[in-house]
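As you go down the protein sequences, you meet chains P and S in turn.
Using our numbering, the first residue of the first sequence is number 1, and each one after it goes up by one.
Using our numbering, the first residue of the second sequence is number 216, and each one after it goes up by one.
Just so you know, these hints were derived from the structure itself, not from any lab.
Note that the structure is predicted; figures quoted are calculated from it, not measured.
Label pairs and their computed distance ranges (CB to CB): (1) S:Thr-289 <-> P:Ala-170: 20 to 26 angstroms; (2) S:Thr-289 <-> P:Phe-142: 35 to 41 angstroms; (3) P:Leu-130 <-> S:Ser-258: 37 to 43 angstroms; (4) P:Asn-99 <-> S:Asp-304: 26 to 32 angstroms; (5) P:Lys-203 <-> S:Trp-305: 43 to 49 angstroms; (6) P:Lys-162 <-> S:Ala-522: 46 to 52 angstroms; (7) S:Ala-522 <-> P:Tyr-160: 43 to 49 angstroms; (8) P:Lys-162 <-> S:Arg-694: 51 to 57 angstroms.
Think of the CB as a built atom: it goes at the ideal place given N, C-alpha and C, for glycine as much as any other residue.
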Amino acid sequence: MKLLPTLCLLAIASKSLASDHNNFERGRPLLFDDAYSIAYGEREFQTGFSLTGNHLGLNSSLGYGFAKNQEISIGFDANRGSNTIGEVSFFQNLAREINDSPAFGFRVTANGTGGQRPIGSLRLIATKALHQYDKIHLNLDFESRQEPGFLVGYSAPIGYPKSFDQTFVAEVGYRQKQAIVGIGMRRQIDPRSVLDFGIESGKTLQLTFGYTIAF
Amino acid sequence: MPFAIAFALITLTQSSQLPVMPPNMPSWLNNSTADTLFYKPASYNWDINRMPAFAKDMYATGVGHAMAYEAMVTGGAPELETKTFNIIDWVLKHQPTKPVDEGAISPTFMRKYGSLEKVFDWAHLLHFQVIDVFMHPGWTDSQKEAEVDRLWKNYSSQPYAISGLPMNMEFLDGFSYSGKFRKENPKVNGLFWGYHWLQTVNHDMLYRVPVQDQVAQYALIGNRYRETELYRIDRDFMPMTAEMSPRFAKRFPQIAASFDNLHMLHDNVNDILAQSNLSESQKQDQVKIAIYRVLDSTHKDEDPGDAVPKSLHDHRHPFGIPGMGMMKGSDEDSMFMAGMGWMDMSKCSHCSISLPDSGPWGATVSAEGWTMSVRCLMCARDMSAETPGRAIIRASTEDPNRLLVLISDEEGNWTSNIKEVVFLENYGDHPECNDWSRAFTSRAAFDKYTKANPEFKDVKPLNLTDWGKLNHGKPVTYRKIDKPNPYGMKMEGHGGGK
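Work the whole structure out from these sequences, hints included.
Here it is in structure tokens:
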């Protein structure tokens, strides 16, 4: 599988407190997740564009926190030059960070195009403080018909203590036989919404712009 | 019986020893999951932003709390009054324009006290949503009140809900660790209590006040908050909701009490974290016990007025204030109020005649950081004239759906939210002052009232300017309660003149 479809595939679906700049979900803007689900009762809509060379992709998803620490989401990825991919995903937070113990969560996803056998994937996630404010997010990916991969995400709020609305993100990893490096930013634009921007380098360079709203 | 055991343990260990972990602690206090809850979806959410100055001040309160807590759990306690105070003060003067993620500002505190954050977050969501409802345009007062009732029901449905019962504040503030934080960190504690002042005073600013009339009040209240209330270090006790917003507290006593119980939990946590002789584990246990004390589940099937005096289950309240627990030294008839001294809350603060039990509730006067209930417009005006600085009067009219909001300048000149307002003032005996001193939304309403009450048929209506010039001074019926300050500080009072 080429890098672009993979990146776009991962750009859909939702998780965590996406209305907050300091919570991280795959595709918004990088590939990694943190270990937290969206809030119980929260509904969340995400949409974004990805640009790779002259390939423009559009992805959107709708998530719902149907129980404490659990969310389900549906989404699609329409990427010019390839088929539209649909997805259903379940996320669960298993533990929050307590003292020196990391937070844990997992995501189970089924996705595919019409008429083809769905692809399943499992992501195991751990989030842990690195220093006082920054965190690392370890993701282990197990996908059907693929070798296991991993991502190490990094997040750090920017501007403290004078501003409180943006977070820098970065990641390195190895997935789909590709080394991955990326950086990005999440910025709160109002109480409900976050804009994100990212640059990811695998086999090719990809730019991502996204928007998330909770309601 | 676990309830009785818990009560006995907490009672017996008060004052000299650390409270002991009750045997019936809710299991969720030890949950390892995040359990984050979303606010009730509704069209009014974030309508607080319709008043940007107020919204920014409220958002900044979260930053200050989070920064102080983070400092206290990361070895920054010795610098609270200097470095941390200066940073918080900078933020308070350059407020965020959007709500902040307190967890991102205090990540270490979150890791150590995650259960506490669940309680705080859930209560703060209620706090903000109540404000949003009152600031929502297009709804009637009845619709707003019904929605606030639904918010309370929604809030109470979660295990993290704080009790809406009045609780004995002297008891809750009487443990071996109590008072340490405010004694060692008066400036930061002053900020915290300043936040609580803003968080409690705003409800009467908003409750049953038309949306378009709310902003003008905040020009005064916001200045008072930013220039004075944040920096006060002379308070005897934290501001109480029923003191700051008596009209709101009377209508929503459970919410008022829950806010006070929440703020007392804040104070308990401050004091526990300030204990340098406790281990990390002891602090975490004490915070859990403090949470337990104020949880709704701890007081299941109990009612306002139930009393095991000066205990965890003392739910008495001063007469006429079902939304506030007993304070230090108070009884059913009187309590000590910051800035006012001893007051009987069931009586007019100006003329000492009992407030009516039903019908128009008269008015409230807000000045110098306090808010008091009075029987009539004359008492409101003359009481505000005794007080230096600006004042706000919120008064009933003949129309139960139209609240009169009067705001004075430094010289005592009034502006009104009802341009056609006229006043009846036919000075007589104070016990009937709420009959002969009234406000009307129009001349027609005045005429209707005087026609129905022939004793006033020859009384001329007063416009705002002429009414504002009157002053009958301190009534002969006024009775000052002469008792010492139970907190051991100099008695405060009100007086002077404009």
